[in-house]
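Given chain A, put chain B in place with the hints provided.
Respectively, the protein sequence lines represent chains A and B. Residue numbers are given in our numbering: position 256 of the first sequence equals residue 256, and the series is strictly consecutive. Residue numbers are given in our numbering: position 450 of the second sequence equals residue 450, and the series is strictly consecutive.
It cannot be assumed that every hint is accurate.
[Claimed, not checked] Derived contacts from chain B toward chain A, CB cut-off under 8 Å, selection only:
#  : residue
1  : Tyr296
2  : Gly300
3  : Leu363
4  : Phe398
5  : Val408
6  : Phe416
7  : Val428
8  : Ala435
9  : Met442
10 : Gly443
No lab work stands behind these hints, which were simulated from the structure alone. Backbone N, C-alpha and C fix where the C-beta goes; we use that ideal spot for every residue, glycine too.
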Amino acid sequence: MNKELKRVSFVVLAMFVALFISSSYITTIQADSLRADGRNYRSLLASYSAQRGPIVVGGQPVAQSVPVDDVYEFQRTYPQPELYAPVTGYYTLGQGSRGVEDAMNEYLTGNANSQFFDQINSLLTGQDPEGATVELTLDPAVQQAAYDALGDNAGSVVAMDPATGKILAMVSKQSYDPNPLASHDPEAVKSSYDALVADPGNPLQNRAIQGDLYAPGSTFKLVTVAAALESGEYTPDSTFPNPATLQLPGSTFSINNAEGGSCGGGETATIATALRLSCNIPMAQLGQALGADAMAEQAAAFGFGDDSIEIPQEVTPSRFPVERDGEPIDDATLMLQSFGQGSDRVTPLQMAMVSSAIANGGTLMDPTLVESVLNPDLSPVEDFSPSEYGKPVSTATAQTMTGMMVQDVADGAASGARIAGVDVAGKTGTAENGQGDPYTLWFTGFAPAADPEVAISVVVENGGGLGQSAFGNSVASPIAKKVLEAVLNK
Amino acid sequence: MPSTDDQRASDDASTELIGKPAGGAGASRGPARPSSDSPQNLTQAITLRLRQPARLRNLELLMLVIAAGICAGAIVLVQLGATGAIDASVLVAGSAVLGLALIFHLVLRVVAREADPFLLPIALTLNGIGISMIYRIDLAYGREGWAAFGVKQIAWTVMAMTIALVALVVIRNYRVLSRYRYIAMFVSIALLLLPLIPGLGRDGLNARVWIDIGPFSFQPGEIAKITLAIFFAGYLVTARDNLSLMGPKILGMRFPRARDLGPILVVWVVAMGVLIFQRDLGTSLLYFGLFLVMIYIGTGRGSWIVLGLTLFLGGAIVASTFLGYVQGRFRAWLNPFDPTEYSADGGSFQLVTGLFGFANGGLVGTGLGQGRPQTTPLAESDYIFASLGEELGLAGIFAILALYLLLVSRGFRIGFVGQDDFGRMLGVGISFVIALQVFVVMGGVTRVIPLTGLTAPFMAAGGSSLVANWVIVAILLRLSDSVRDQPRMVIG
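One chain only, chain A, in its complex shape (with noise of 0.2 Å):
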């Protein structure tokens, strides 16, 4: 009997550490996905009841709790909404969060995991516990700068250091109003969600980093041209055929360049000048001839593709599709692409990617909003220092392209950015949406050239309400030239 007795033991004793091991597992790795779990009440209770954690932008909140009187304790509050809002998103009770707000959520309500000493601490002191106070990357005066430079225009501006990857400005419009989302009437909270998203102007979209994205048009020239020199089969004064019109291969479609006519003028045309004039035919016939693979590879270098970019919020992949259907994509399709037009879609901060990794000697910087995360004692929690990304092309063609850009401002289709006495280096984009569509005007860069402190790319959407007789050049050239004097006039 005692042989039995034994081994029921052993299976009473294994039933014991089964409840061990999963209990265990539950509140240590399991934790973190339960508590950021959207339907998680308790977490959007704890986040109303403790202090909730600034966001501070140049030393300034622009997302506080405020104490009140009622059950919840605090009141959130967004002193500059329309400026911020696409940024900080918002913290609501029952319809979700969003933006900084929703990604730094655990650090902004003090259960991260790097904060537990801090709690316990707060628990054995009996101090009420915060969240931790989250530092943005953004320039006050840039993040002005670029909202107005916008205007009424439907887009979206981003500007980041080149050398570290902190984003200095990050508008999209149309924006919104936080603060009614921040209520603490959950009826109240939901009229005014409900109104935001049936608003035909998607305020709610942080265009710069997600959405439907956008055609990239020209500015993806950049890409193209980056897989051509890496590529080590061309240099800036490779020649194409120039024709006035091409027919792409297998296909009753032809193309032309956007000024009309050949590039330039005469039988060829070289690379700098198609990136210069911002030619079509000749990056058409370029990508062509590096072939699918090539273009695709040089692209996810960049960015593209990559859906694990956090900013700390989720980035929404840019996309250079080289299938469709299921079937590799054809040479027409191709040609397209190369030049930013088919089924190219981009967000504003790929493209500033781009023009960042060209304009950092070809390394690319994680882009991050984090410059810091403090404690309410001021110390860091958390080490947000600079990470690299990648290099996605070499120094060497990050100089060529350098000099390249700066032509196109100096001396070619980028003329609306010149800054007097500043070199600076740029691109801009016309991108066609559909017959009859108003375009999608771009333009990316970099300033000073010799020594960047900013890339920028810039987006405004419907053709600044002019339909399809604008260009980039027109109307997102001078509005980045406004946001990057922001940041060299400091």
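Just chain B, lined up with the frame of chain A:
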């Protein structure tokens, strides 16, 4: 141990039953014995007993003081955490439980001096922590007076401890119980059938396991686990030889003869009946698990386990294909985070919300009164483990599990060192029931197994469960007393 020794032990048991009518019959009449002496003699006897050194009881008293401190401390912390002020009225009500525990202890000094010293303090601690958590949920919902589950739980605890005390005093010789094994069987079946009687049974949230008698509601199945354990122990001690020695050998295992399959089939039918008609997977699992473990210990034949598990799993699989609610439980268990499961009626909402509670608690918990356990449905009963995990953290859950494990191990100790097979099997059986119940409840809450509707022993709100578990403690105390009280007869 050779089975001949076991045989001798059970012979001893029966000899004692027959040979010492005074002890056995006297015990069954209970209070009659002390009252037959003159009051003065009784006082003298008690005084004499109290004067004798009782090392175990002193140890028990020390641990009771600690347990009382934990219980009172938990109530105070709940009040401070939830309301920020101390409300003395609940402490006064709670002190009734502590006072009764002290009386329990004093009675033990007289009627079971050598009983295990750990059982009472552990039961009291678990019960007290349970009460404070239930009271904490009351505070969250603003339930007061008799509408408060905590107040009811205190009243039930007093009642349960009193019943246990009476059982302890009445049953002086537990071997009497083996004589009533068939009565125990009929009582068990009656208890299990009660909720199915129209007008008496109540349709609960999921399972049909409650009966309503006037204002009281009761889960007869909780009591049935004790009567079933008594029946199994009594039956197996007499029938073990047939069950263990006869039968064909298949694949190196000796299987029982077809005609000896009767009992296991009966129990299986009962378990399946519970599963199908009462819609209670947990209770069904509990009874069948109890039976399997006891028949295995009694006969030493692994084939019973193989046979039993095959039967049960087969039945459960068939049932789950035909019974929607079992299917639902399995789906919710496998994919709790799936949005459709989460929002489904009877889906994984409760399970996931409970997991959120554990996550909210983390390693050290939010502190009593400072979490949000009320977010989870049934936070005071089926889900009290999740509530405790949230406010006491992983550390608290570990401590509580360790207490349960210690309690169960004290019961198993009786199985190892006891003198007669009936007592040993009864001790192991009722301790195993507690272990299995903890596993089924906590395993359901933490996603080790599908969720079922059992109550956490001593902790969850519910009177029948408290009564049953305190009676189990009384039986274990009685068994452990006799283990120490008499030198071991079998030398093996």
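We went through each hint and held it up to the structure:
{"no.": "1", "hint": "Tyr296", "verdict": "holds (6 Å)"}
{"no.": "2", "hint": "Gly300", "verdict": "holds (5 Å)"}
{"no.": "3", "hint": "Leu363", "verdict": "holds (6 Å)"}
{"no.": "4", "hint": "Phe398", "verdict": "holds (7 Å)"}
{"no.": "5", "hint": "Val408", "verdict": "holds (6 Å)"}
{"no.": "6", "hint": "Phe416", "verdict": "holds (6 Å)"}
{"no.": "7", "hint": "Val428", "verdict": "holds (6 Å)"}
{"no.": "8", "hint": "Ala435", "verdict": "holds (5 Å)"}
{"no.": "9", "hint": "Met442", "verdict": "holds (5 Å)"}
{"no.": "10", "hint": "Gly443", "verdict": "holds (6 Å)"}
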